[in-house]
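Asker: Please build the complete structure, drawing on both the sequences and the hints.
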Amino acid sequence: MSLFSKQRSVIPGFGLSFGFTMFYLSLIVLIPLSAVFIRTSGLSWGEFWNAAFNARELASYKVTFLSSFAAAGVNGIFGTILAWVLVRYPFPGRRVIDALVDLPFALPTAVAGISLTAIYSKNGWIGKWLDPEGVFFSVNQINLFGLKFEGIKVAYSALGIFVAMTFIGLPFVVRTLQPVIEELEPELEEAASTLGASRLQALYKVILPQLVPAVLTGFALAFARALGEYGSIVFISGNQPNKTEITPFRIITKLEESNAAGAAVPYATATAVAVVMLVASFVLLFLINLLQKWSRRHQEA
Amino acid sequence: MSITATNITKTFGNYTALNAVNLHVPSGKLIALLGPSGSGKTTLLRIIAGLEFADQGSGNILFGDEDVTNVPPGKRGVGFVFQHYALFRHLSVAENIAFGLKVRKRAERPDKATIAARVKELLHLIQLEDLGGRYPAQLSGGQRQRVALARALAVQPKVLLLDEPFGALDAKVRRDLRRWLRNFHDEIHLTTVFVTHDQEEALEIADEVVIMNQARVEQVGIPQEVYDRPTTPFVHKFLGNVNQIVLPWSGLIPGTNVPQEDGIAFVRPHDIELVHFNTGRDGDPAQVVDIHAAGPVAKVAVKRNDGKGIVDVELSRAYLDQIRLREGDHVLLRVRRPVATDYAI
Amino acid sequence: MSPVATTITTPALAVDNRPRSHIHDPAWLRWTLISLALLFLLSFLLLPLAAVFAEALRNGIKAYFAAFEDSDALAAIRLTLITTAISVPANVVFGVAAAWAITKFDFRGKSFLITLIDLPFAVSPVIAGLIFVLVFGRHGWFGPGNMEHLFAPIAPGFKEFVSGYGLDWLLGPLAEWMNEPGMLPVLFATPGIVLATIFVSFPFVARELIPLMQAQGRDEELTAITLGANGWQTFWRVTLPNIKWGLFYGVILCNARAMGEFGAVSVVSGKIRGETNTLPLHVEILYNEYNSVGAFAIATLLAMLAIVTLIAKSFTEWKFAKK
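Residue numbers (our numbering), protein chains in the order written: chain A, 1 to 301; chain B, 302 to 646; chain C, 647 to 969.
Careful: at least some of the hints might be erroneous.
What the hints assert, rightly or not - As a list, the in silico SDA-like pairs of lysine to any residue whose alpha-carbon atoms are at most 20 Å apart:
| # | chain 1 | residue 1 | chain 2 | residue 2 |
| --- | --- | --- | --- | --- |
| 1 | C | Lys890 | C | Ala958 |
| 2 | C | Lys965 | B | Asp431 |
| 3 | A | Lys6 | C | Ala958 |
| 4 | C | Lys890 | B | Tyr436 |
The set of hints was computed from the structure by calculation and includes no laboratory data. Predicted, not measured: the structure shown is a model, and the values here were computed from it.
Answerer: Following this line, the structure appears as structure tokens:
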């Protein structure tokens with residue numbers, strides 16, 4: 001049997017619905033996406049290497065991957081706490097908080113971007129207390145055990161990238177964990193307590209291990225989202241070459257450069273970087289699928 | 302209208318759901334397709350309905366004399382009731398029942414008043430006159446089942462097909478509803494096939510029982526016949542409790558056909574007579590190991606003296622009290638009547 | 647099923663009222679965790695939302711409303727609405743068709759198809775824009791002035807193929823049409839913006855409907871068919887009423903993404919003021935011109951869209967939970 005061959009069915013409309021689905025999918029996704037690879041294949045291996053792995057690109061991969069990893073890690077910790085609190089502890093306003101978790105999905109990224117920049121720049125609500133040029137550190141210095149501390153720059157630094165990535169990645173961990181915590185069997189905790197475990201021991205030794213696959217899945221999802229994110233980061237990062245240029249920003253820059261310069265294979269220097277990103281995304285997607293399978297098995301066991 | 306299925310084979314990949322099955326349902330009868338899960342009974346029902354298709358090149362389905370093998374389900378004239386009823390949850394009971402009439406082409410569609418009258422009539426038939434405005438979520442399981450039935454009947458089908466009609470109900474409702482279905486069938490005399498895995502249900506209400514196992518029909522007959530004279534070991538084991546008695550066994554009586562010395566006789570527990578050893582009658586010597594006397598029928602487990610296993614015997618409480626049976630008593634066992642069939646395994 | 651999509655579109659479970667274990671966490675632990683969670687939420691989520699409004703009103707209410715008197719802002723609003731009005735319905739039709747094919751039939755390659763539908767979630771929005779530049783841009787397959795490049799990378803023998811079938815007469819007009827400057831302005835024009843928006847927002851409806859319709863099974867459709875309904879009657883009278891809340895939920899998410907998309911649109915739009923700027927792009931332009939109040943004023947529209955989205959989402963979840 002070939003791919004997409006169908007069993008006979010009395011429900012009508014397979015031809016129409018499947019045909020339309022494939023047509024739409026090809027037109028919107030498959031053909032355009034294949035263009036990235038086809039265009040890049042016009043480059044020689046050396047040209048590809050130069051385009052995708054020169055020092056400036058490498059710097060962008062570094063800052064993108066490291067910030068994504070750190071942001072996903074912070075989300076892994078606080079997202080777990082948030083999910084636990086939202087499922088297990090009734091407190092006033094819980095429904096509102098629960099709805100608010102989806103804000104990063106609903107708020108356009110550009111809006112998040114300029115807003116975060118405003119908050120963390122030297123005059124912003126948080127920035128003025130942290131930035132070296134803010135109202136606090138411009139006049140004060142903290143001396144801690146002989147270590148001088150002159151404030152930290154968030155906006156227009158790698159830290160800003162991390163903050164934006166944390167913002168957009170938060171819902172992934174919370175939304176992955178919530179159903180898993182809901183499904184936890186109270187019997188296990190009860191069993192632990194009848195066996196003499198303290199509540200903290202039960203949390204640490206019985207509940208947490210059960211959540212590990214879901215936390216890792218949420219972490220990976222947040223990580224994947226952060227890697228590709230553009231709108232919320234590009235304002236706060238400052239885009240300094242070799243320092244705070246994220247990879248999606250590099251793709252756009254290269255696209256504009258190539259448009260102007262009239263290269264041998266137009267746009268190919270941009271598509272080379274895009275290919276690297278796509279491969280990374282697909283690998284992540286594959287890992288996430290494996291994680292989910294593991295997580296489901298874990299839950300069923 | 303009679304249903305005839307000839308040489309139906311259905312495979313799903315490597316799995317054979319039906320293997321060259323033949324079936325004839327006489328017009329106006331209530332037939333049970335009985336079998337364990339995976340025996341192919343639901344698949345057969347769905348093929349009769351036209352919801353699934355037999356393998357290419359395998360047999361055909363006839364309604365009366367008409368070959369409906371390639372007729373789509375909507376034009377076959379079948380009423381099909383799913384195990385979980387599949388009521389349209391956004392429609393009221395009355396709207397559910399009227400659905401089949403309302404979707405007809407304008408030329409064939411009855412007018413509104415006719416539809417309303419038909420719905421009312423059907424609501425009366427299923428004894429839910431007052432519930433036409435309710436939604437499925439507001440009904441009990443038994444009520445939903447009846448609404449699904451009325452909805453199927455509204456289009457005046459030639460045959461009625463029910464998939465595990467009582468499967469999702471609790472025991473009490475189940476008993477009531479199956480008696481109701483029997484009476485209902487006696488009123489309307491519509492050829493009806495229902496699928497069940499419950500032998501008690503099949504034997505109680507069906508005119509004829511079709512017993513299926515592993516993609517084949519094992520036996521067809523009226524309930525008493527299949528119960529008393531099973532033709533295969535499977536049917537014997539599937540319909541009620543049965544002792545598998547290792548032969549030779551001196552509890553058999555003349556008239557029983559015993560072809561092999563080392564075979565196994567299938568004897569139902571209530572077909573065994575038990576007397577005290579000291580009566581000196583014919584029978585197989587054994588010793589009582591356990592007596593369960595709660596309820597009208599006492600269950601007695603008896604160990605054969607020749608060491609060839611335990612035999613279960615069912616006795617009336619009255620008889621048990623009369624002979625004052627105790628655990629440890631020595632007894633003689635004998636079948637009440639000739640064992641109709643036995644098998645060498 | 648792809649996890650990415652599931653996470654985004656799975657309705658948050660409603661507050662669970664099942665009787666729970668009598669075991670409770672100690673109060674100090676409970677309140678420590680609640681405080682930590684709320685603090686994190688406040689600083690990372692609520693603060694950015696509040697800052698949008700604070701920054702927009704920094705120079706008073708007058709300055710705020712002045713930002714909307716700009717004709718470019720109105721053009722941006724109009725373009726965003728047009729883009730959404732095309733891409734959301736298109737994605738609804740696609741989502742329903744895909745969910746119907748996937749849940750009502752058994753065929754090989756189904757999980758592969760589901761993965762394909764999820765693909766846009768895994769792709770950076772910037773790349774989503776890039777691919778349409780490659781197809782419709784300079785030297786693109788369907789780009790203006792590049793008939794020679796049309797299909798060239800994939801089928802060098804395209805011309806021979808076409809003439810082999812005696813279809814030469816097609817080539818001329820096709821080439822003319824493609825070469826006509828401004829004849830098919832996809833890139834740096836509304837069609838390109840719509841395509842990029844469709845790409846980034848198209849999985850939402852399908853991903854919402856597939857699990858829902860899978861859970862509902864096929865019995866109701868089959869019943870309708872045995873009762874004599876045809877395919878469209880079955881869909882309109884049985885399937886659609888059953889999935890309407892799921893569909894609504896998908897539309898809300900799809901709409902939010904379509905209106906708010908930045909990265910993909912910014913690549914294909916060309917950012918021509920008053921012509922190819924959507925709301926988020928207009929925000930960027932104002933911001934880069936140091937018109938902070940103007941940028942944030944426009945941004946409040948999008949922030950309100952987000953708030954409405956969250957409310958509608960919660961409402962739908964509440965509806966779901968009631969069922």
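Asker: So which of those numbered hints doesn't the model satisfy?
Answerer: 2, 3
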